Amino acid sequence: MTATTATSQHASAFDLREFRVTQRRQDTRDTATLSLAPLSGGPLDFRPGQFTMVYAFGVGEVPLSISGDPAGGKLLLHTIRDVGGVTHTLTRLRRGDVVGVRGPYGHGWDVTDGRGGDVVLVAGGIGLAPLRPALLQILARRSEYKRVVLLYGTRTPDDVLFADELERWRGRFDLEVDVTVDYGPPQWRGKVGLVTSLIPRAGFDPSTTLALVCGPEPMMRYVGAALVDRGVPRRRIRLSMERAMDCGVGLCGHCQLRELFVCVDGPVFGYDRLERLLWLREV
Amino acid sequence: MTTTTHEVRDLLRSHCFTRDMAHEHVDRLVEHAEIAQVPAGTILFREGEPAQDLYLLVEGRVSIEMHVPGRGAQVVDTVEACETVGWSWLVSPYRWFFDARAATDSRVVRVDAAALRALAEDDPAFGYALMRRVAAVMLERMQAARLRLADVYGTSQS
Amino acid sequence: MATSVAAQQAVITTDGLDQLISVLRERGWSVLGPVLRDGVIAPGEVTGVDDLPRGVGDDQQPARYRLRERGDDALFGFASPATSFKPVLFPPRQLLWRATARDDGFDMTRPDAAPPRRALLGVRSCDLAAIRAQDRVLAHRWKDRPGRDVDYVAARDATFVVAVACGSPADTCFCTSMGTGPAPGEGYDLALTEVLADEHRFVVTVGSERGADVLDEVGNRVADHDDVAAAQSVIDGATRAIERRLDTTGLPAMLDAEVEHPLWEDVAQRCLACGNCTAVCPTCFCTSVDDVSDLTAENAERWRTWDSCFTAGFSYVHGGPVRASTASRYRQWMTHKLGTWQAQFGSSGCVGCGRCLTWCPVGIDITAEARALRGTARTSRREDTT
Numbered sequence: 001m002t003a004t005t006a007t008s009q010h011a012s013a014f015d016l017r018e019f020r021v022t023q024r025r026q027d028t029r030d031t032a033t034l035s036l037a038p039l040s041g042g043p044l045d046f047r048p049g050q051f052t053m054v055y056a057f058g059v060g061e062v063p064l065s066i067s068g069d070p071a072g073g074k075l076l077l078h079t080i081r082d083v084g085g086v087t088h089t090l091t092r093l094r095r096g097d098v099v100g101v102r103g104p105y106g107h108g109w110d111v112t113d114g115r116g117g118d119v120v121l122v123a124g125g126i127g128l129a130p131l132r133p134a135l136l137q138i139l140a141r142r143s144e145y146k147r148v149v150l151l152y153g154t155r156t157p158d159d160v161l162f163a164d165e166l167e168r169w170r171g172r173f174d175l176e177v178d179v180t181v182d183y184g185p186p187q188w189r190g191k192v193g194l195v196t197s198l199i200p201r202a203g204f205d206p207s208t209t210l211a212l213v214c215g216p217e218p219m220m221r222y223v224g225a226a227l228v229d230r231g232v233p234r235r236r237i238r239l240s241m242e243r244a245m246d247c248g249v250g251l252c253g254h255c256q257l258r259e260l261f262v263c264v265d266g267p268v269f270g271y272d273r274l275e276r277l278l279w280l281r282e283v
Numbered sequence: 001m002t003t004t005t006h007e008v009r010d011l012l013r014s015h016c017f018t019r020d021m022a023h024e025h026v027d028r029l030v031e032h033a034e035i036a037q038v039p040a041g042t043i044l045f046r047e048g049e050p051a052q053d054l055y056l057l058v059e060g061r062v063s064i065e066m067h068v069p070g071r072g073a074q075v076v077d078t079v080e081a082c083e084t085v086g087w088s089w090l091v092s093p094y095r096w097f098f099d100a101r102a103a104t105d106s107r108v109v110r111v112d113a114a115a116l117r118a119l120a121e122d123d124p125a126f127g128y129a130l131m132r133r134v135a136a137v138m139l140e141r142m143q144a145a146r147l148r149l150a151d152v153y154g155t156s157q158s
Numbered sequence: 001m002a003t004s005v006a007a008q009q010a011v012i013t014t015d016g017l018d019q020l021i022s023v024l025r026e027r028g029w030s031v032l033g034p035v036l037r038d039g040v041i042a043p044g045e046v047t048g049v050d051d052l053p054r055g056v057g058d059d060q061q062p063a064r065y066r067l068r069e070r071g072d073d074a075l076f077g078f079a080s081p082a083t084s085f086k087p088v089l090f091p092p093r094q095l096l097w098r099a100t101a102r103d104d105g106f107d108m109t110r111p112d113a114a115p116p117r118r119a120l121l122g123v124r125s126c127d128l129a130a131i132r133a134q135d136r137v138l139a140h141r142w143k144d145r146p147g148r149d150v151d152y153v154a155a156r157d158a159t160f161v162v163a164v165a166c167g168s169p170a171d172t173c174f175c176t177s178m179g180t181g182p183a184p185g186e187g188y189d190l191a192l193t194e195v196l197a198d199e200h201r202f203v204v205t206v207g208s209e210r211g212a213d214v215l216d217e218v219g220n221r222v223a224d225h226d227d228v229a230a231a232q233s234v235i236d237g238a239t240r241a242i243e244r245r246l247d248t249t250g251l252p253a254m255l256d257a258e259v260e261h262p263l264w265e266d267v268a269q270r271c272l273a274c275g276n277c278t279a280v281c282p283t284c285f286c287t288s289v290d291d292v293s294d295l296t297a298e299n300a301e302r303w304r305t306w307d308s309c310f311t312a313g314f315s316y317v318h319g320g321p322v323r324a325s326t327a328s329r330y331r332q333w334m335t336h337k338l339g340t341w342q343a344q345f346g347s348s349g350c351v352g353c354g355r356c357l358t359w360c361p362v363g364i365d366i367t368a369e370a371r372a373l374r375g376t377a378r379t380s381r382r383e384d385t386t
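Residue numbers (the numbering used here), protein chains in the order written: chain A, 1 to 283; chain B, 1 to 158; chain C, 1 to 386.
It is worth saying that the hints were derived from the structure and are not from the lab. Quantities reported herein were computed from a predicted structural model and do not represent experimental measurements. Each residue gets a CB set at the ideal place from its N, CA and C atoms; glycine is no exception. No incorrect hints appear here.
Partial chain C-side listing against chain A, Cβ under 7 Å, derived:
id: 1; residue: Phe106
id: 2; residue: Pro146
id: 3; residue: Gly147
id: 4; residue: Val259
id: 5; residue: Ser293
id: 6; residue: Ser315
id: 7; residue: Tyr316
id: 8; residue: Val317
id: 9; residue: His318
id: 10; residue: Thr340
id: 11; residue: Ala343
id: 12; residue: Gln344
FRET-style restraints, in silico, Cβ to Cβ:
id: 13; chain 1: A; residue 1: Leu139; chain 2: B; residue 2: Val68; range: 34 to 44 Å
id: 14; chain 1: A; residue 1: Lys74; chain 2: B; residue 2: Asp10; range: 50 to 60 Å
id: 15; chain 1: B; residue 1: Arg132; chain 2: C; residue 2: Tyr316; range: 41 to 51 Å
To list a few chain A residues with every Cβ distance to chain B over 10 Å, as calculated:
id: 16; residue: Arg25
id: 17; residue: Phe162
id: 18; residue: Asp174
id: 19; residue: Ser207
id: 20; residue: Arg243
id: 21; residue: Leu277
Given these sequences and hints, build the entire structure.
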């Protein structure tokens, strides 16, 4: 159960809710998706692009993007890449293990701003995970949008996330899906190249487009530039930024990017605000 | 002009590489060009072979591959419709550096490289127009290759 | 927090001050004030005026702190204590919760104790401004931030503030440039100005109802024209004595524009990235959240501890720190303190206390760096609209 003793105390931003792992799926060699159910209380309502702080007992806490369906009901999904430390523990949890969750936090994609126009989602590597809820939200109200394009790049075909779902998406006539890898193994018949190379030819109208971008920062830097080259207005390009986070609630100061707190002002920001910052070193 | 020549000229006038070239320059290319259907899996050329043609890809996809012992054919790049395959025909020793294989059923316009080089020698204006376009292709490919070299998806552990 | 200011000021003697301390203690406030310890003047427990550093002053310069004999009986005859009262309201280590593993999860408990009731005696105007600044960061609701620092809020509510105007600023002080002194601004329950001329006394201004209530129990008389003039003269004297300046005109915009100025590399040649400045700064608020467990792995705790943007791991994302070079870290600290803080919280993050000059081992002076930057700014200065 959740904490607290002293009756006079306010709820603290550091209070956790317990969630149990109901399913664990290995996505790629270093990435797994956990499905979490609350031990008590209702499901965690979130907006696409938001994140939670997930705590592995005795080990530590990390910020994780939510990768589930925002209309999907009871389970909280996180797609986690093992980069050491807490993520190493989290990706090795099994059904029945309990974690602590705080959140959801942050400003999300605000997908509905794309209604009536085209939407382009550009994902690099694990960046597909926080974009998945956005795409699912769009597909749930598909008629409200015009053309919808998903551009996805990753290192090798073995690193492709949500492969089954991608195939289903590819099969839809109302969704353009284009995938590329950095290195193609023998027998690879798909595209090779950074995801930026997919932008000049993708089927969207820049003048009506809302672009949502997530991936490693160098990738987002060049994707932003490529989208601008194609004529998408800067304020219609949104990026999800990542910085060190200890609290997730705007108190610890770690995630500051100039005057922006990535946890509270972001993690999603407009490219008009970010463009200059992306090209500066060590800010 | 035969029907085929018309078709070649139309394809050249609409292909990204040649579409804003002067008409008289395009016409010179047409004389030395032909259309070819390339079924998936066909090898266009192999590493080390003499580079005899410029390939303009009209439809489909071509994989640029390198054979690595123990790994087989590593795909290092792909060429899409409206792009060009290779530039080794322009620079001595005129030999291909990689393998090229049709990844899907593809359609190309193949232009005789020796003829191109001779034309460029004779007519500097034509030669310059050709060079500028090849330089632009190489620039784009070089940048793309370097971006992939940065290995942005890697982690400190890998 | 300060509410209405009394229409008239009062005067108490040093005996009155002693009585004030007793009254506060009787009412359950433990009194923290400037005491001599470890070779400096720093906050410590005060039971009466005898605990105060009578006749002791300080000599502060970049990279230098010395105590000196004043040759008089001043009880507050120094500039700023070596540390501010920040560690009292915002402890360097704070336990957030404890958790115990059970078979199917874990139980969390928050620390029980209500914060102790403390009276801060001798809060300088700069440090009072710093408390206001930290209130904005930690206690106010702003933007869409989901929570406040509830421990800070609780500690703040349990704190009585007796500000003391500065009469003997140090060479390192520049509160006048930051608009934070030498007279105390808002946020005190009582404010004192120590007058040494003629009779040794304190002119008292009431800042809150509970301040008025406490003062009622202390022997005092109404301040007359001479008292008020004497107090004003102390403050005017302090204002004149402050020579160090920081020109804040358009500072945020300038710092934003000069992100690639060679000055940062120049400072990096001197800066040790030791973090002393962030430790003594009364407004710095960065913390790390540390999750620890015992050897049985069945008991865990979460602690919040002071952190500093100068540490190598502060900005670590997988692979390495975003700010790896000392130059980038110094730039981050100065730009935040004097620039982006304004956009975040509506005021400057610097209160001009000068401690970062005093306690920097190599004497880096933020006012000198700002002046150097302004003198050689290479990009055109935009209008400061913040």
